[in-house]
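Two chains, two frames, some hints: make the complex.
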Amino acid sequence: MKRIETEAIVIGGGATGAGTLRDLSLRGVRAVLIEKSDIASGTTGRNHGLLHSGTRYAVNDLESARECIRENKILKKIARHCIEDTGGLFVTLPEDDPSYHGKLIEHCKYAGIRCEEVSVQEALRIEPNLNPNILAALRVPDGTIDPFRLTSANVLDAQERGATVLTHTGVSGIIREGDRAIGVRCRDRRTGVELEVFGGIIVNASGVWGQEICASAGIALRMFPSKGSMVIIDYRINNVVVNRCRVPSDGDIIVPGDTVSLIGTTSKKVEYDKIDEITVDEDEIATLLESGEKLIPNVSRTRVLRAYCGVRPLIAVSGEMDGREISRGIVLIDHERRDSVGGLITIAGGKLMTYRLMAEMAADLACAKLKVRKKCRTQKTALPGSERKLDQAKSVKFFTGIPNSVVGSTLYRHGQRIRNILHREKRNYGLICECEMVTEGEIEYALKKLNVKDIVDLRRRTRIGMGPCQGQLCAYRAAGLFVKYDSATSAESNKMLVDFLEERWKGIKPVLWGDALREVEFCYWIYQGLFGLGDVRFPEEGEDR
Amino acid sequence: MRYDCVIIGGGLSGLTCGIRLAEKGARCAVISTGMSALHFSSGSIDLFGNEGEGKIVFRPFEYLEKFIGSNPLHPYARCGSSRVREALFYFRDQLDLEDIDLYNNDDANHFHVTTLGTLKPTFFSQRSVFNEKIRLAFEKKSKIAALNFEGYRDFYPELAVINLKRNVLFRNIEISSGKILYPDYGDPQRNPFEYRSIDIARIFDTERYLEDLAAQIRTAAGDAAFAAMPAFLGITNFKRHHQLLQQLTGLLIYEIPTLPPSILGMRIDNALKSRFAALGGVYIAGDTVRGGTIAGGRLESVFTENGGSSALYAGSFVLASGSFFSGGLVSEFSRVREPVFGLRVYSHAERSKWHAQEFFPRNGHPFLEFGVETDERFNPLTDDGQRLGNLYCTGALLPHYNPIREGSGGGVAVSTGYRAAELILAGNR
Ligand SMILES: Cc1cc2nc3c(=O)[nH]c(=O)nc-3n(C[C@H](O)[C@H](O)[C@H](O)COP(=O)(O)OP(=O)(O)OC[C@H]3O[C@@H](n4cnc5c(N)ncnc54)[C@H](O)[C@@H]3O)c2cc1C
Ligand SMILES: Cc1cc2nc3c(=O)[nH]c(=O)nc-3n(C[C@H](O)[C@H](O)[C@H](O)COP(=O)(O)OP(=O)(O)OC[C@H]3O[C@@H](n4cnc5c(N)ncnc54)[C@H](O)[C@@H]3O)c2cc1C
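Protein chains in written order, with my numbering: chain A, 1 to 545; chain B, 1001 to 1429.
For reference, chain B alone in the conformation it holds in the complex (with noise of 0.2 Å):
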């Protein structure tokens, strides 16, 4: 097969690089093994939130002007901050496209509640986690039901209600946690108390059970203006489900992320992929690319662990393949690698230094900003120094950030997939 762009890696980044790609006429093809970051991830799109030592970014695009002068490695820095800002917005305009509706606070960080009840600056969130009408209730000091599923596993409001009561912003806000029976309206063969966010929104997916829920909802909820939720109300219909929900009791409903998986998360993840389809874009799900053929400084194709030997040829190349988590860097006892082409890779020697002390440490663990060493132009170099200047390598296989501690990992993924879109558009114009 021949395209004009083989991404290998169907997460965050790839996904956008490949919308970007195929939007503007592309053949482009995604592959990618398994699930990706995003079913996981919160499912808010974190840009920079963090300047370290506690200090919290609020004006992100302001704090980036800086910040990429002195951190040229960045792969921020090798974006330019102009251009994070149009990926981002580009980013949002797709999604909207799919019916999920991100909230910014113009350009500045906004606060979303954690599972454990802590603050986390980020830059888009759902509307069901953030928006006007809450930041308005909020303001009022309106009361807030935080409430569960009696004995489901993977959340507990009580953890996070005592963190907010901590937190100056909610110190005069009334919080009062309330319980709904648990849905007896799954399979009967399965253990309801086992039952992941999944599974629960899988039912909320169908409408059958919602007037039901709606009336207990009001019932726990008491005088509360709005009620907190663990999300798991739904994947494809959420939207519609959550205005009907909210119609129904009266009241603001907004969501909590849980434990992973991430209902959030996989509603981004699919918004993605139907983009993606709907410009025409190929995605293969399942399989995994093991290697390519190289000749004279360029990567001419490669070959996927299913398609035996049919490779898949194309004009450029992406590798989004993510970090250690989704396989796109393996360590071993005393080396870390790219296994795919054997790429160079920005990481220490010394294993003891691959993490810091303690498993909370102040400044993050080192492993997290190792990745495939590449050039501004985010071209990678093969083992023996020989630069590919047809593979972008973009997301979480970049190295020099530190996601976490930053608090910059949609992001990053997000403007560098976006980035190497246009770089490539640019190279075939």
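So that you can see chain A by itself, here it is in the shape it has in the complex (with noise of 0.2 Å):
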């Protein structure tokens, strides 16, 4: 059996994950990250994206709100790349309770969060497609941020330091010795090697799987799940992040994010053995688009793109609650003093903008506990790619020759990194993704430096697939790239490409009407018709490859 001896282990490659691999890589603790997955797979990849101000959460859990604000404004000078300051307005329907506004503007008050009092024309000139019958507003500075990047940027830079991440491997138990847990056995999933990492202190951070994790070292930790779903629509209907004003409830929130736009979200209690089984319900998808459309009409003239839903990893404190109700507060357990077991911390609660401060706090206890006295370096340490402030002009004269459209979405999506992607030379900047802007030389990048194992990754890392053709053609090639740059064989490449189609239709099922649909039969036809896909026999372990 395989061995890895190292001073912290962190399990789950979630935004919470990677922010502490990282910030105990500036630290200078050797680390190892373990995803079961790929990063960014589980709840950090399906939320909506807010950078949230605060003001959704003032008047219901004041600390909360002060939290977000505090982080926002950290995360806008360290996550650059990753943020659009896009701001927010709160707005007031006719059918809602007018006196939430007055109270809000009070509750930010206490938080420190700066809101402002907009006419309702003010209002309709910042977001020109909102609904007209609004009757008041309220700016916020909201803003959204891409998880995708956000998490493949801690990671990065962990790496860059030194730190170890292997992903598609899961953790299955807990390695005890007598009242300390002192390591994980682990498996591969894509390959079935087994493996066992031994370290000083062992980061949980495995979100709501983490119930599972402390179970595992015999440790009892409920956790409280509540779904809730997303819709995206395939078109940037709004430029601002549009919230309702009114206590929080379903499909209030509408997030402009890249080329599209998306409604959240709803809520609803799963019962903990259902959250890898969790899919969209055809009632929710009804009540995000009609909530949707009173905030902003255009919704419903609007093709849907896909749907999905992701798990709240609430911490059940106690009692039965309402899946809403519950504190969104982090929770760090130090399971030496709660449950006398040694070698094992659990951070886990919070908000994907919040994964910083949780970093902080899980690294604070680890170096604790590892007698590193370093201090926390995060709130100042840009990642990589925000480095400096995005500079398009420049950019685009740097890399002149190379169309102005590839280069402004490179830069969107790496920041800084651009000099490490783009080239003058034609190959590196020949188009593969045509929705996305993704070029070939991207794809390297990703392939190369990205932890990408297969598309379904590449899709996370670079938005290949994301569009409004949802991977028809692009899906091919980029399957052909992984042979080339020796990523995978020939074999793999045909599986990953049944894989990425099938997740990919997970999405797209649930709102399969109108365009949807007829570029489901499309791409079908190329797929199964044309290719033949679905018949193409994949050999088990140990057969010839």
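Note that these hints are calculated values from the structure, not bench results. Some hints could be false.
As the list claims (entries may be wrong) - Calculated cross-link-like contacts (lysine-lysine; reagent style DSS-like; alpha-carbon spacing at most 30 Å):
(1) A:K449 <-> A:K426
(2) B:K1165 <-> A:K484
(3) B:K1353 <-> A:K269
(4) B:K1143 <-> A:K453
(5) A:K506 <-> B:K1273
(6) B:K1024 <-> B:K1179
(7) B:K1143 <-> A:K495
(8) A:K109 <-> A:K76
(9) A:K484 <-> B:K1179
(10) B:K1353 <-> A:K506
What follows is the structure in structure tokens.
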């Protein structure tokens, strides 16, 4: 059995785990991150990517609101290329309780959130697609954050500082020695190879799955899973985040992101043993579209691209509660104190946008246990790609000869790292995914530097296949490039093409009408009618490859 | 304007119908919005390839004899199997007049190699895709060289070779791969790494580069007896240039379909349009039929998007507007409709039953079997139950068959188009 020795082990490659890995690496602690699937494939990749100002929580949960606004300001500096500083609006519809507006202004004051009242006319100027019948509006410093880029940038920085990252490797159990957790047993899900990793401290950052990790160490920790669904519309119908000004409820938020907008979210309790099987329900789609339309009437005329859902990783503090009433607060558990099991800590709860703070808390405790006396540096140290302000004009000039649109989208996705990706060679900037302007050079970079193991991973790093055609042509091209760049065998490439299309299908299935159905008919014609991909037989492990 | 017949939709089905009518002296117009499914298809015409559950149909006409009895709503059942045969061979002869040679293995299916190296049973293939010589070379287990332009993003022979090698038929055949340098022949303003099949095909429609290409193929193929190339060696002058290349190289050169756009399909599209025009048919491209005037169970005229108030009158009409993909069917949040005349459609009331759970399911997706409900003469019903006796629905617009699962898309389009023409001609007599 393969064995790895390290100082710290981080379980889970969501934003929290990736942030913790980076924090530790910045403090000079050797660390290994273990993720059962791909980085940002858990809850981190399944939310709206709203960089909250804290306004949404100001009335019900002042502490969360304060955390949000603090982190909001920090991330705008250290994670520039993952963020769009769009600003946000809270709008009151005719059917909403008009008094909530005033209450929100007051509570934002307590939380220290700059919240400015704007006239309806002004709100419509800021966001022309807004429902013109709104009664009142507030402007707040909401923004958007791309979870994939954020997580990937944290991982990249950690790796450049010496950390080890094992993706598609699941932790199957905690290894205990007496009253201490000393390591983890894991299995590479692609090769089937088993390995053990030992370290002085284990940080359980596996989100809602943390309950299982704890259970494998003999510790009781109860998660309280609550599902939220979102739909993506194929057009950026708004440029600022639009929130409904009322007590948080279903379908309150429309967030712009890249070339699309998303409507979120719902909230439904789910049984813990069903968290890996959740799907978007028909009634959720109807609710989201109806509520979305009230905020921005264009919604009903725009194509729905896909729908997806995530599970909020809330830890049940006590008793039965409605999913949304629980504090989204951060929970840091020292299992030595709570359960008399040394060497293990759990960090969970919180939000995507408080990942850095959560990582700081976890790394502080981990360092205390390892007796490492280094301070956290992540408030000030920019992520790779975000070192300087992004200056599109300058990049366009630097890359004269390459189409501006290609430079723009590469810069948008990778920030300053654009210089490691683009060069003035026609093959490098030839487009592979036309919808999202992904070049062969960007794919080559992702394959070599960003822990990409299959096409689904590649989509998270580059947005390949995320546009209106949902990967019709570019999926096959990407499969070819995996072989070309020696990242997979031909047989593996065929298999990952199937996996990619099945993965896409999960998100399209719930919204299969109109143009989505049309595109699916075409896509199915290509991959089954023309290619016969569904008939390709894949040898089992051990058979000749 | 007044015609004997107006055909809505100029794809495989509408054009087959139009050619047959025009040949018999009918004044015909085809109106078509845009590119048809042919532009994306493999360019082989499938008749019936799969029984289901992985069983392949080798003798499609024999199979149809039985199949029709137990599937009375299937478009083939409504044509009758002898008429299906008549239609297909008629189609082959028409393409022959336009210099497209279709290969068929007498009454049996043959296999063509797909982009991913799987084998698909089909009935007609262009001779550059399959022919007797290829079969012979294959039976002798001659070495194959799979060639590609270096950097062409729409074809990766490696992905195909692995699947071919797994196939028993290819077990003892040596397949090498080779690269041909990227044709720096095109427009210097464009990025050659973004060329599609069509861009390359246009380059090879001129003779200028053939010698250079032949020399490269020669070298890259080494000692192989035949060379497999992505299908992008020309559209209009393909036949001549293909012969020339084989002469210059001394190799058998055959074509493998690429990602769309499909050059093989476009050749057929061109040929059909050319044949239709030669017979005096009028092809109106880039216009869309929006609706029509119905009186006494008959469609009297149709109007189009660009035609303004001037309607098109005809004795008969054919609706060959394709499936969802071409806009012949439209789906909404919870229903499927036919957008031009609001004809009665076969579908499921519940949206969750439109599709299978997996993307690659065993039995295909139900939505592929939706379409405009007709009687055995292919006459549809309006939404309020009126039968339209002079409107015929054909091709991918029809329900009760699954073109992908069965491997029957091209055959249904051809035979129902042909059948509609026969019914119209009989009615006029
Ligand atoms: C519907 C919804 C909307 C949201 N909207 C927002 C928003 O707009 N803004 C915001 O800031 N926050 C939002 N959140 C909250 C936010 O998404 C989460 O708080 C955050 O992503 C949690 O990150 P994490 O890294 O802690 O967990 P995760 O991202 O879930 O990471 C845990 C990782 O651990 C891995 N793992 C699990 N078990 C194992 C194992 N045995 N071995 C190895 N790895 C394992 C998983 O695969 C996963 O990748 C939203 C949440 C939901 C559900
Ligand atoms: C990607 C793909 C691959 C395929 N591969 C194969 C294959 O390998 N072998 C095989 O046998 N079959 C294949 N098929 C199936 C076969 O090509 C189709 O079944 C057949 O071509 C359908 O022909 P059609 O004429 O009925 O419809 P279409 O080809 O869809 O043509 C319909 C035409 O009508 C036009 N139209 C629609 N509405 C209007 C309107 N209101 N007014 C005017 N014009 C209108 C459209 O623009 C279109 O040009 C494939 C299909 C697709 C989509």
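Worksheet item: Quick check: which numbered hints come out false for this structure?
Response: 4, 5, 6
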